[in-house]
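S.K.: One letter stands for each residue in the lines below.
2 protein chains.
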Amino acid sequence: MNAGILGTGTVGRTIGSRLIELGHRVRLGGRSAANERAIAWAASEGERASSGTFGDAAAFGEIVFNCTEGAHSIEALTAAGRGHLAGKVLVDVANPLESGPGRSAPLLFCNNDSLGERIQAAFPEARVVKTLNTMWCGLMVNPRLLGAPHVVYMCGNDAGAKSEVAALLGAFGWRDEEILDLGDIAASRGTEMFLPLWLLLYGRLGTASFNFTIVR
Amino acid sequence: MNAGILGTGTVGRTIGSRLIELGHRVRLGGRSAANERAIAWAASEGERASSGTFGDAAAFGEIVFNCTEGAHSIEALTAAGRGHLAGKVLVDVANPLESGPGRSAPLLFCNNDSLGERIQAAFPEARVVKTLNTMWCGLMVNPRLLGAPHVVYMCGNDAGAKSEVAALLGAFGWRDEEILDLGDIAASRGTEMFLPLWLLLYGRLGTASFNFTIVR
Numbered sequence: 001m002n003a004g005i006l007g008t009g010t011v012g013r014t015i016g017s018r019l020i021e022l023g024h025r026v027r028l029g030g031r032s033a034a035n036e037r038a039i040a041w042a043a044s045e046g047e048r049a050s051s052g053t054f055g056d057a058a059a060f061g062e063i064v065f066n067c068t069e070g071a072h073s074i075e076a077l078t079a080a081g082r083g084h085l086a087g088k089v090l091v092d093v094a095n096p097l098e099s100g101p102g103r104s105a106p107l108l109f110c111n112n113d114s115l116g117e118r119i120q121a122a123f124p125e126a127r128v129v130k131t132l133n134t135m136w137c138g139l140m141v142n143p144r145l146l147g148a149p150h151v152v153y154m155c156g157n158d159a160g161a162k163s164e165v166a167a168l169l170g171a172f173g174w175r176d177e178e179i180l181d182l183g184d185i186a187a188s189r190g191t192e193m194f195l196p197l198w199l200l201l202y203g204r205l206g207t208a209s210f211n212f213t214i215v216r
Numbered sequence: 217m218n219a220g221i222l223g224t225g226t227v228g229r230t231i232g233s234r235l236i237e238l239g240h241r242v243r244l245g246g247r248s249a250a251n252e253r254a255i256a257w258a259a260s261e262g263e264r265a266s267s268g269t270f271g272d273a274a275a276f277g278e279i280v281f282n283c284t285e286g287a288h289s290i291e292a293l294t295a296a297g298r299g300h301l302a303g304k305v306l307v308d309v310a311n312p313l314e315s316g317p318g319r320s321a322p323l324l325f326c327n328n329d330s331l332g333e334r335i336q337a338a339f340p341e342a343r344v345v346k347t348l349n350t351m352w353c354g355l356m357v358n359p360r361l362l363g364a365p366h367v368v369y370m371c372g373n374d375a376g377a378k379s380e381v382a383a384l385l386g387a388f389g390w391r392d393e394e395i396l397d398l399g400d401i402a403a404s405r406g407t408e409m410f411l412p413l414w415l416l417l418y419g420r421l422g423t424a425s426f427n428f429t430i431v432r
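Which chain is which? The protein sequence lines are A and B, in order.
According to the numbering used here, the stretch in the first sequence is residues 1 to 216, in order.
According to the numbering used here, the stretch in the second sequence is residues 217 to 432, in order.
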């Protein structure tokens with residue numbers, strides 16, 4: 001499969017490297033094709049990896065990942081090009097934090113709104129699935145780093161898109177029973193609003209390598 | 217110990233009954249002393265239980281629990297009387313949900329604000345501890361209903377008050393390692409903003425009897 005990844009930060013490169021490891025082809029896209037981090041990443045990952053602009057990555061991908069900072073996601077997706085997203089599964093991993101991943105950064109918007117919804121509304125032909133945004137990226141792609149079951153949320157309006165994403169999560173190492181479908185894209189409100197608690201726990205626990213098991 | 221409970225709904229009565237069971241004296245307070253639910257509760261719980269107004273309950277308590285609906289908490293605490301709260305531990309269990317516990321009710325305020333902070337600011341002489349607001353009340357007071365470890369958050373500006381509350385949580389059945397102090401009262405933002413995700417999970421899991429283990 002060809003995957004386009006928007007965002008050249010740690011999250012984008014981590015997901016990109018994992019997809020390469022799983023045998024896929026990945027193009028990492030940034031604001032500029034001259035992004036040194038993306039070029040270095042592609043060089044280190046071998047012939048199935050490449051880099052370019054947001055548009056290059058989105059055009060390349062049969063599936064597209066939004067790994068940009070939430071504050072700039074709509075802008076990045078607009079630069080990627082509406083036509084390059086139409087009909088494709090768009091995995092939204094971002095959170096609309098006001099500024100970088102500070103420990104107390106508030107959200108830019110929430111409660112009656114969410115980034116997942118804004119993206120789906122701005123790109124109605126994309127099949128947006130919000131997932132993986134409630135944890136450190138190391139766990140997103142290697143959930144078995146933790147020795148116990150834990151949970152990943154997923155939401156979106158397109159059932160087929162969610163099935164495709166669930167299969168990909170399975171390839172990352174997630175077990176079926178760990179993947180919780182919370183419903184349509186408006187459920188992004190809940191998972192994005194979890195970030196302030198995550199950031200507090202990150203400060204309290206002194207590690208980002210944690211997640212949650214639901215106990216019943 | 218004498219405990220005053222503000223709020224005659226399920227949460228207040230559940231906490232009240234558990235405190236009675238543990239040997240304490242409890243006065244349940246409502247808007248009116250003629251609240252039939254509170255009177256019936258006191259009658260059923262025996263001689264260590266009583267009921268009255270918000271003011272009666274707050275005056276009675278050496279410790280006071282805010283179990284009112286978050287939308288009306290400041291009003292209820294004002295009715296309880298500033299002087300009846302001064303110097304006391306005030307355990308805030310409420311969430312500022314727009315209306316009853318609907319599955320998609322948004323919060324009245326969040327992100328840069330929280331009910332815990334508003335209460336502490338409005339009643340500066342009370343020693344506010346926010347806790348227990350991230351779960352069903354049955355688990356608040358009987359955490360061992362679940363067969364695995366799970367977590368309760370706590371925050372507040374007064375270290376001594378948090379120690380007292382932690383001891384009380386211990387009496388409810390919480391283990392030391394399950395009680396996570398998230399810092400000062402501003403951490404209420406994080407635990408209150410968790411509610412939308414909790415409500416989604418409540419809908420998805422079909423039960424309120426769930427909580428989370430942190431996996432590292």
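Simulated from the structure, these hints should not be mistaken for lab results.
Fair warning: this is a prediction, and the values are worked out from it, not measured in the lab.
Certain hints may be false.
[As the list claims (entries may be wrong)] Covered stretches of chain A (in silico footprint by chain B; criterion: 3 or more residues with CB under 8 Å from a CB of chain B, positions within the stretch not fixed):
| # | stretch |
| --- | --- |
| 1 | 41-51 |
| 2 | 77-88 |
| 3 | 108-114 |
| 4 | 136-150 |
[Stated by the list, open to error] Pairwise CB distance ranges, derived in the manner of DEER restraints:
| # | chain 1 | residue 1 | chain 2 | residue 2 | range |
| --- | --- | --- | --- | --- | --- |
| 5 | B | 393 | A | 98 | 29 to 35 Å |
| 6 | A | 122 | B | 250 | 52 to 58 Å |
| 7 | A | 177 | B | 263 | 46 to 52 Å |
| 8 | B | 278 | A | 177 | 44 to 50 Å |
| 9 | B | 340 | A | 171 | 37 to 43 Å |
| 10 | A | 10 | B | 361 | 36 to 42 Å |
| 11 | A | 98 | B | 432 | 25 to 31 Å |
| 12 | B | 341 | A | 142 | 21 to 27 Å |
Beta carbons are placed, not taken as given, at the ideal position from N, Cα and C, and that holds for glycine.
S.K.: Work down the list of hints and note, for each, if the structure agrees.
M.R.: A quick look at each hint next to the structure:
no. : hint                      : result
1   : 41-51                     : violated (count 0)
2   : 77-88                     : violated (count 0)
3   : 108-114                   : holds (count 3)
4   : 136-150                   : holds (count 5)
5   : B:393 - A:98: 29 to 35 Å  : holds (33 Å)
6   : A:122 - B:250: 52 to 58 Å : holds (54 Å)
7   : A:177 - B:263: 46 to 52 Å : holds (49 Å)
8   : B:278 - A:177: 44 to 50 Å : holds (46 Å)
9   : B:340 - A:171: 37 to 43 Å : violated (54 Å)
10  : A:10 - B:361: 36 to 42 Å  : holds (40 Å)
11  : A:98 - B:432: 25 to 31 Å  : holds (27 Å)
12  : B:341 - A:142: 21 to 27 Å : violated (50 Å)
The structure fails to meet hints 1, 2, 9 and 12 from the earlier list, while all remaining hints are met.
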